[in-house]
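Chains as they are written, first to last, in our numbering: chain A, 1 to 136; chain B, 137 to 427.
Treat the hints with caution; some may be incorrect.
Derived BS3-like pairs (lysine-lysine); straight-line CA-CA distance at most 25 Å [said to hold, decoys possible]:
no.: 1; chain 1: B; residue 1: K155; chain 2: B; residue 2: K167
no.: 2; chain 1: A; residue 1: K82; chain 2: A; residue 2: K52
no.: 3; chain 1: B; residue 1: K253; chain 2: B; residue 2: K283
no.: 4; chain 1: B; residue 1: K295; chain 2: A; residue 2: K82
no.: 5; chain 1: B; residue 1: K155; chain 2: B; residue 2: K204
no.: 6; chain 1: B; residue 1: K266; chain 2: B; residue 2: K204
no.: 7; chain 1: B; residue 1: K204; chain 2: A; residue 2: K122
no.: 8; chain 1: A; residue 1: K122; chain 2: B; residue 2: K295
no.: 9; chain 1: B; residue 1: K315; chain 2: B; residue 2: K236
no.: 10; chain 1: B; residue 1: K241; chain 2: B; residue 2: K253
no.: 11; chain 1: B; residue 1: K250; chain 2: B; residue 2: K266
no.: 12; chain 1: A; residue 1: K82; chain 2: B; residue 2: K283
The set of hints was computed from the structure by calculation and includes no laboratory data.
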Amino acid sequence: MANTMQFDLVSPERSLASLQVTAVQIPGAEGDMTAMPDHSPTITTLRPGILKVEAPEGTSEYLVTGGFAQINGDSLSVLAEKAIPVGEMTRAQLDELIAEARASLEAAKEQEPHSLVDDAAKLLADMEALGTHMSL
Amino acid sequence: MPSLKDLKNRIESVKSTRKITKAMQMVAAAKLRRAQDAAESARPYAEQFNAVMAGLAASVGDSESAPKLLRGTGSDQVQLLVVMTAERGLCGGFNANIAKLARAKADELRAKGKTVKILTVGKKGRDALKREYGDLFIGHIDLSEVKRIGYANAQDIAKDILTRFDEEEFDVATIFYAKFQNVVTQIPTAQQIIPASFEDVEAETGGAVYDYEPGEERILADLLPRGVATQIFSALLENGASEQGARMSAMDNATRNAGEMIDKLTIQFNRSRQAVITNELIEIISGAEAL
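If we strip away everything but chain A, and leave its shape as in the complex, we get (with noise of 0.2 Å):
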């Protein structure tokens, strides 16, 4: 068994991350998930939340705002709508995004369909955890 697998992390503007890797956790809408390799092939959406890369050379993380994960038994492929390295990541950005988050979920209110106000309002409650979460 391989205990290595292609990880590429790509956002519409550019690729961030290319590498191989021996874990990968993933903020699947559903709930998180782990990747290793020979996992079975998966496709998952995300939720916004932060995604930990585990390789050889030490881990990394980023935060990514939605987008999806393609999981192949021997590599793994992650478009994300945006990604950025935690590092890099302030509290003046993540304002803007639950800013974001929050002007959308007015925006569906008013178009009334539940289903949408749920999935705005949900995407308001991740936006805000992932603050906590980072100890901004």
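Keeping the supplied structure of chain A fixed, place chain B upon it in accordance with the hints.
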């Protein structure tokens, strides 16, 4: 016959035009490199995204419950044309070519009795189509303030289009932009974005059967709007590179033409100078002989 002074002035003015076009060409070359880099680094995302979408779309198929963005509204009566052009001119046939393609499509659709609506991105396309199709415009997106096109710009455009789709303003949306081939060739392209089509994308299944979390259709419903944004984003980037490429070759031509014109004017200038001198000599000699 222009006087010597007139010729001199004209040579000076063509010289300064050449300086300007030369500078514009060099600026375009620098911008082109940046635009190409941006297009390059956006490619992996778009490719992977489309591959996954194609796989998903194939597995959900035409089932009744498939999202509208994929299946369409069941009609193609109202067509939205999103014409994406540059904010500035002086880039050869770039804007004109895109506008021409859009015009041909609009005429074709109208001949078939469809309703055509036009959304323009970029000032030049709006100006080019305003006279003929001004009454079909339903909106305009201004990017003249944007220095560097980001994903956020594409998201805004996508949001605008999706809102209109939700309000059932149109059935089919097509984007028009120029695909960047190389500095001299940019291909005006029409691409249908709603309902999403993945005909030219190879589904990447690799034989693997994926688990979907949450369900396939939920994922698809989540991804399709993002797909629209992604397609618009890559079109914007292609357009950016094409614009600079077109401007670069247009300005290169202009610089060369200015050079030729200067040569021609200089020859004319020298000839008339000589003629003046000869004339003066004849006058002096004939004056001396008369004495």
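Hint check, failures only: 3, 5, 6
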